[in-house]
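Peer 1: Those protein sequence lines, which keep their order, are chains A and B.
Take the first sequence: its position 108, counted from the start at 1, is 108 in our numbering, and no numbers get skipped.
Take the second sequence: its position 85, counted from the start at 1, is 85 in our numbering, and no numbers get skipped.
A hint or two may mislead.
[Claimed, not checked] Ranges between beta-carbon positions, derived for each pair:
1. Phe115(A) / Asp98(B): 40 to 50 Å
2. Lys83(A) / Asn59(B): 29 to 39 Å
3. Ile93(A) / Leu60(B): 37 to 47 Å
4. Leu97(A) / Pro6(B): 23 to 33 Å
5. Asn8(B) / Ile151(A): 18 to 28 Å
6. Phe113(A) / Leu60(B): 14 to 24 Å
7. Leu75(A) / Asn91(B): 15 to 25 Å
8. Asn99(B) / Lys90(A): 34 to 44 Å
9. Val89(A) / Ser94(B): 42 to 52 Å
[Claimed, not checked] Listed below are the simulated BS3-like cross-link pairs for lysine-lysine, each with C-alpha atoms no more than 30 Å apart in a straight line:
10. Lys165(A) / Lys93(B)
11. Lys112(A) / Lys93(B)
12. Lys165(A) / Lys90(A)
13. Lys93(B) / Lys90(A)
[As the list claims (entries may be wrong)] So, partial list: chain A residues that the calculated Cβ filter (under 8 Å) puts toward chain B:
14. Val40
15. Thr42
16. Ser73
17. Ala87
18. Leu97
In case anyone wonders, no lab produced these hints; they're calculated from the structure.
Note that the structure is a prediction, hence the values are computed from the model and not measured.
Glycine included, each C-beta is placed from N, C-alpha and C at the ideal position.
Single-letter residue listing:
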Amino acid sequence: MTLNDIMFYLFAGSILTFSLLTVTSRRILRSAVYLLFVLVSTAGIYFMLNYNFLAAVQLTVYAGGIIVLIIFSILLTSHVSEKAVVAPVKQQIFSALAVAAGAVLTIMTIFKFAFTPAASPAVEANIQNVGRALVSYNRDGFALPFEVISILLLAAMVGAIVLAKKEKHLEITDNQPKNNPDNSSKS
Amino acid sequence: MIDNIPLNSFLVISTLMFFIGIYGFLIRRNLITMLMSIELILNSVNINFVVFNKFLYPNLLHGHFFSLIVIAVAASEAAVAIAIIINIYRNFKSIDVDNLDQMKF
Numbered sequence: 001m002t003l004n005d006i007m008f009y010l011f012a013g014s015i016l017t018f019s020l021l022t023v024t025s026r027r028i029l030r031s032a033v034y035l036l037f038v039l040v041s042t043a044g045i046y047f048m049l050n051y052n053f054l055a056a057v058q059l060t061v062y063a064g065g066i067i068v069l070i071i072f073s074i075l076l077t078s079h080v081s082e083k084a085v086v087a088p089v090k091q092q093i094f095s096a097l098a099v100a101a102g103a104v105l106t107i108m109t110i111f112k113f114a115f116t117p118a119a120s121p122a123v124e125a126n127i128q129n130v131g132r133a134l135v136s137y138n139r140d141g142f143a144l145p146f147e148v149i150s151i152l153l154l155a156a157m158v159g160a161i162v163l164a165k166k167e168k169h170l171e172i173t174d175n176q177p178k179n180n181p182d183n184s185s186k187s
Numbered sequence: 001m002i003d004n005i006p007l008n009s010f011l012v013i014s015t016l017m018f019f020i021g022i023y024g025f026l027i028r029r030n031l032i033t034m035l036m037s038i039e040l041i042l043n044s045v046n047i048n049f050v051v052f053n054k055f056l057y058p059n060l061l062h063g064h065f066f067s068l069i070v071i072a073v074a075a076s077e078a079a080v081a082i083a084i085i086i087n088i089y090r091n092f093k094s095i096d097v098d099n100l101d102q103m104k105f
């Protein structure tokens, strides 16, 4: 057993443990931190696969962006000591059964299917090739998806700002101006 | 680097992670934890794309870029979802899905 194997099984074990803890932990803030560990272990797997750029994006966008956003929204919407409500036990048992059946079926299918790798020379996913492919508009280029995803991201950010601010405009028109500084300091 | 680790073990990890995410989505009642379960599901799909790219089509970069785009979609989805959740919290003072039955007809 080489060091690579040990690293892989370490990452795999931490992914599985922490994703189970994410969905079962009763404290919401803790499950957000467990989700952070899952995402960091996934970035470790990407590093093992030699996809360094993707692992860096995973670390910055997921671990740096989304988790911070989730933690802020947890702090805005619930108390730190608050225990999360879960479904009744009967529903939990049935969900666990359905999920286990699905997992067993999928894993059986995976082990039955014969994957045939393509026998062409490998292209290295270093930053040069990734950058060239990202802005190239030739056959193996990704310029159009890149532009589309940037427009989607811009639209989503503008939409998020509009959604989060909308209530304030309504309150300004509806309520007395006396309440306004109170609302703006709260939000 | 990953010569002696078979493709199937990666796929098993991502499958288990996917179904753990679905389990969390089914048993949770809090909108933010449901959002976290969705992030788990998207992450497991990302692992699948990357591993298929690495093992089956090493001459292309399609899976790599698909994962990048999925990460961007996940970021925008999380931003919009959290804006909606904060809006819901302002109106109902709660983000448990059991209390959100105002749109029921």
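Peer 1: Against this structure, judge whether each hint is valid.
Peer 2: Here is how each hint holds up against the structure:
1. Phe115(A) / Asp98(B): 40 to 50 Å: Given a distance of about 43 Å, which is inside 40 to 50 Å, the answer is holds.
2. Lys83(A) / Asn59(B): 29 to 39 Å: violated (51 Å)
3. Ile93(A) / Leu60(B): 37 to 47 Å: About 44 Å separates the Cβ atoms of Ile93(A) and Leu60(B), which means 37 to 47 Å holds.
4. Leu97(A) / Pro6(B): 23 to 33 Å: holds (29 Å)
5. Asn8(B) / Ile151(A): 18 to 28 Å: Once the Cβ atoms are compared, 38 Å apart, the range 18 to 28 Å for Ile151(A) and Asn8(B) is violated.
6. Phe113(A) / Leu60(B): 14 to 24 Å: holds (20 Å)
7. Leu75(A) / Asn91(B): 15 to 25 Å: About 19 Å separates the Cβ atoms of Leu75(A) and Asn91(B), which means 15 to 25 Å holds.
8. Asn99(B) / Lys90(A): 34 to 44 Å: violated (21 Å)
9. Val89(A) / Ser94(B): 42 to 52 Å: violated (22 Å)
10. Lys165(A) / Lys93(B): holds (17 Å)
11. Lys112(A) / Lys93(B): violated (50 Å)
12. Lys165(A) / Lys90(A): violated (40 Å)
13. Lys93(B) / Lys90(A): holds (28 Å)
14. Val40: violated (11 Å)
15. Thr42: With Cβ-Cβ at 6 Å, under 8 Å, it holds.
16. Ser73: holds (4 Å)
17. Ala87: holds (5 Å)
18. Leu97: With Cβ-Cβ at 10 Å, over 8 Å, it is violated.
Checked against the numbered hints listed earlier, the structure breaks hints 2, 5, 8, 9, 11, 12, 14, 18; every other hint is satisfied.
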